[in-house]
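Chains as they are written, first to last, in the numbering used here: chain P, 1 to 415; chain U, 1 to 415.
Derived by calculation from the structure, the hints in this document are not laboratory data.
Check each hint, because a few of them may be wrong.
Same chains, same label: a pair holds when it works inside one copy or across any pair of copies.
What the hints assert, rightly or not - As a list, the in silico EDC-like pairs of lysine to aspartate or glutamate whose alpha-carbon atoms are at most 20 Å apart:
#1 LYS181 / GLU228
#2 LYS396 / ASP311
#3 LYS52 / GLU68
#4 LYS270 / GLU286
#5 LYS9 / GLU68
#6 LYS34 / GLU101
#7 LYS148 / GLU99
In this text the structure is predicted, and so the values were computed from the model without any measurement.
Protein chains: 2
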Amino acid sequence: MLYSQLFGKTSKTAPADADCVNARLLTQAGFISKQMAGVYNYLPLGLRVLNKIQNIVREEMNAVGGNEILMPTLTQEENYVKTGRDQDSGFGSIFFRTEGENGSKLVLNPSHEEIVTPLVQKYIFSYRDLPQCVYQVQNKFRNEPRAKSGLLRGREFNMKDMYSFHTTEDDMNKYYEEVKKAYMKVYARLGIGDMTHLTYASGGVFSKYSHEFQTLSDIGEDTIYVCEKCHVAVNKEIIEEQNQCPECGNQDLVEKKSVEVGNIFKLRAKYSSAFKFNFLDEDGQEKPVEMACYGIGPSRLMGVLTEIFHDDKGIIWPEAVAPFAVHLVALGKDETAYTEAAKLYNELQKKGVSVLYDDRREVSAGAKFADSDLIGIPTRLVISPKTLEQGSVEIKKRNEKDYQLIKTAEIGKIF
Amino acid sequence: MLYSQLFGKTSKTAPADADCVNARLLTQAGFISKQMAGVYNYLPLGLRVLNKIQNIVREEMNAVGGNEILMPTLTQEENYVKTGRDQDSGFGSIFFRTEGENGSKLVLNPSHEEIVTPLVQKYIFSYRDLPQCVYQVQNKFRNEPRAKSGLLRGREFNMKDMYSFHTTEDDMNKYYEEVKKAYMKVYARLGIGDMTHLTYASGGVFSKYSHEFQTLSDIGEDTIYVCEKCHVAVNKEIIEEQNQCPECGNQDLVEKKSVEVGNIFKLRAKYSSAFKFNFLDEDGQEKPVEMACYGIGPSRLMGVLTEIFHDDKGIIWPEAVAPFAVHLVALGKDETAYTEAAKLYNELQKKGVSVLYDDRREVSAGAKFADSDLIGIPTRLVISPKTLEQGSVEIKKRNEKDYQLIKTAEIGKIF
Chain P
1 MLYSQLFGKT SKTAPADADC VNARLLTQAG FISKQMAGVY NYLPLGLRVL NKIQNIVREE
61 MNAVGGNEIL MPTLTQEENY VKTGRDQDSG FGSIFFRTEG ENGSKLVLNP SHEEIVTPLV
121 QKYIFSYRDL PQCVYQVQNK FRNEPRAKSG LLRGREFNMK DMYSFHTTED DMNKYYEEVK
181 KAYMKVYARL GIGDMTHLTY ASGGVFSKYS HEFQTLSDIG EDTIYVCEKC HVAVNKEIIE
241 EQNQCPECGN QDLVEKKSVE VGNIFKLRAK YSSAFKFNFL DEDGQEKPVE MACYGIGPSR
301 LMGVLTEIFH DDKGIIWPEA VAPFAVHLVA LGKDETAYTE AAKLYNELQK KGVSVLYDDR
361 REVSAGAKFA DSDLIGIPTR LVISPKTLEQ GSVEIKKRNE KDYQLIKTAE IGKIF
Chain U
1 MLYSQLFGKT SKTAPADADC VNARLLTQAG FISKQMAGVY NYLPLGLRVL NKIQNIVREE
61 MNAVGGNEIL MPTLTQEENY VKTGRDQDSG FGSIFFRTEG ENGSKLVLNP SHEEIVTPLV
121 QKYIFSYRDL PQCVYQVQNK FRNEPRAKSG LLRGREFNMK DMYSFHTTED DMNKYYEEVK
181 KAYMKVYARL GIGDMTHLTY ASGGVFSKYS HEFQTLSDIG EDTIYVCEKC HVAVNKEIIE
241 EQNQCPECGN QDLVEKKSVE VGNIFKLRAK YSSAFKFNFL DEDGQEKPVE MACYGIGPSR
301 LMGVLTEIFH DDKGIIWPEA VAPFAVHLVA LGKDETAYTE AAKLYNELQK KGVSVLYDDR
361 REVSAGAKFA DSDLIGIPTR LVISPKTLEQ GSVEIKKRNE KDYQLIKTAE IGKIF
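Model the full structure from these sequences, guided by the hints.
Structural data, given as structure tokens:
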């Protein structure tokens, strides 16, 4: 992509209403643009990052047998009446509501248990059709009283939600453990595996625990108690009753600030009972389907990654989700450097390396470097009259201080 | 994908409320599931087709320099007050409305002119920043009084909407012609190029014509008048004033039924004026930006393709959008055929050929063939004790009557 043709340029001034690093940097670097509190436009750079995060999540969900589907935003309110969640003082109060034909009551889905349960029910009749697991990557709508912290707490935000269906609690438990591992693989691929803790949380009526995935961060709204031996944690909500590590019994838990980057629940028969979603077992008995659900927010993760990977100059994207692999910068008043840069741009693209090429003629070297640091692409290549004199290209990693000169003929071999 | 693990199976009975072929076949074949009138769930097979259509559209929009972005569903009503479209008797009446914080009025965007204009305005200052072109693939919400015809007229439906911004009418006109060609490339790739006509339609206040793309179909709600020399048409709305071919003057136009599969408009300064979106020209003069917009509906196209490409047994997907390239069917009571089929399944997948493998043991050959015809994957391969006796695999194209036997060792060479 030529930077001159890219839509959404960097800005020197921080948005006045940015209350946190991710809102500020992602806006200034031209990744997102705020529509209203908790609702954002994704510009080309931002959409590329969002897609990369989504695809990592997809790959790991596919690897555990998830079937990707796509459910709608609009749903009849009656689905929520069946589960009683329309009356839930917390959940029911964040519904965005609208009206369809003849004043029929509709909800913009804040979650999809009430849609996926009757949907899967249509295709499952006997134990032979189970287990089954479906997921989607879709937008959720929640009228949060306080939308804030940029992409961390949105009113319209992106979510991967997966739902699994089983004949027995045992089978559900086994699959739940598999998905736990899949989640940790996602965080590892995003570069936040070490700082992300499986965290024991309240399980509600149906199970002892649910599990959150909490990433250590000073801007986190959550407090967790980490067992440094097991890499797991306990959340604040249950720390009084669960004041030791649930895995090793260690009582020396360390209080830390964190941000939630995923959560998984054993739903058991909560939703299948509400929708009378039963199946015929091998012995001909009708039984309710056992369910679990697994959520992870790609747009929130984009915000979390920005909070964690940045310095005072801008974002420092992990390679796995960077909008481009290489930021190629050409400098100088005459065309020589631009001609050479265009050649390298084409050569790298032919090799399948994604390149953002800053081809602007009227912009100073200083401004180009500042933009490159702000945008945060992992590798910067510079071609200038000075580097050309030495038949070289300057290469610098965004997360390192030093740069090196590499012979132009050798550059292709690195990628 | 193993058919036994695929979510969303075929059904022998047509849905009672299906009012057209696409709703019936896509539902029976397990591609979509209705949530409510005009709102559908996409099951794995359907989502694969939708993604393929979207990606063809993306590739052609990228080829004409479109920058992909993603705008939100929720927007402040005040954006529509600025353009007066909230009061439009047609357009304003199909808004889904909701409320945000403190009762603030929000709209679920039925289109995105009111969002994209102020968004692009943030990044365009002078003639140097123009032209610019952005697009998105996103869902639209329209409370149509009569949602019907399956995916053809939805209340929540998928749309690619592109918007271009220019310094002069001339530059806009030139780009508009380029996009016309890009649209025809999309239809050609979808296999409906020959039957899709560029159709002259009313241009509104700002230009003489707008243009629709109309695909001939008996279930179409539109009537067009085709010039068979030029492959263009005139729509019913303007046929009285424009009763000859606008390109060659031919007066012998042929009346036909059709369905709209795209439309493009020269917006001129309609929206840029409403948002005071001006730019500084080379001579320092402030001028309103010239705009055009370009819409195409991937979910509607999925419905249209089903209407056009089917027979009494099911869907016949064009290769470019088929959910899988190969439908592999294993038959027989003992495991031999399944073992051989599993080998072929792995071999083809290694080659990058997408395969749906019907590995069900308890289902009859007849039922498997019926499912395969209903789902409509272009190439069917059958392995049975009978074909194995001859060291062969049976191959049959969905759109041909005859099948052939091909030596197992040769199958890999075909793909």
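Tested hints:
Taking identical chains as interchangeable, the C-alpha atoms of LYS181 and GLU228 lie at most 20 Å apart only when both belong to the same chain, with a minimum of 18 Å there against 61 Å between chains. Within a single copy, LYS396 and ASP311 get their C-alpha atoms as close as 16 Å, which meets the 20 Å cut-off; across copies the closest is 60 Å, which misses it. Within a single copy, LYS52 and GLU68 get their C-alpha atoms as close as 16 Å, and across copies as close as 14 Å, so both meet the 20 Å cut-off. When the C-alpha separation of LYS270 and GLU286 is checked against a cutoff of 20 Å, the pair qualifies only within one copy, where the shortest distance is 16 Å, while the shortest distance between copies is 62 Å.
When the C-alpha separation of LYS9 and GLU68 is checked against a cutoff of 20 Å, the pair qualifies only between copies, where the shortest distance is 14 Å, while the shortest distance within a copy is 34 Å. In this homomeric assembly, LYS34 and GLU101 come within 20 Å of each other (Cα to Cα) only across copies, at 16 Å, whereas the closest approach inside a single copy is 32 Å. Within a single copy, LYS148 and GLU99 get their C-alpha atoms only as close as 28 Å, which misses the 20 Å cut-off; across copies the closest is 18 Å, which meets it.
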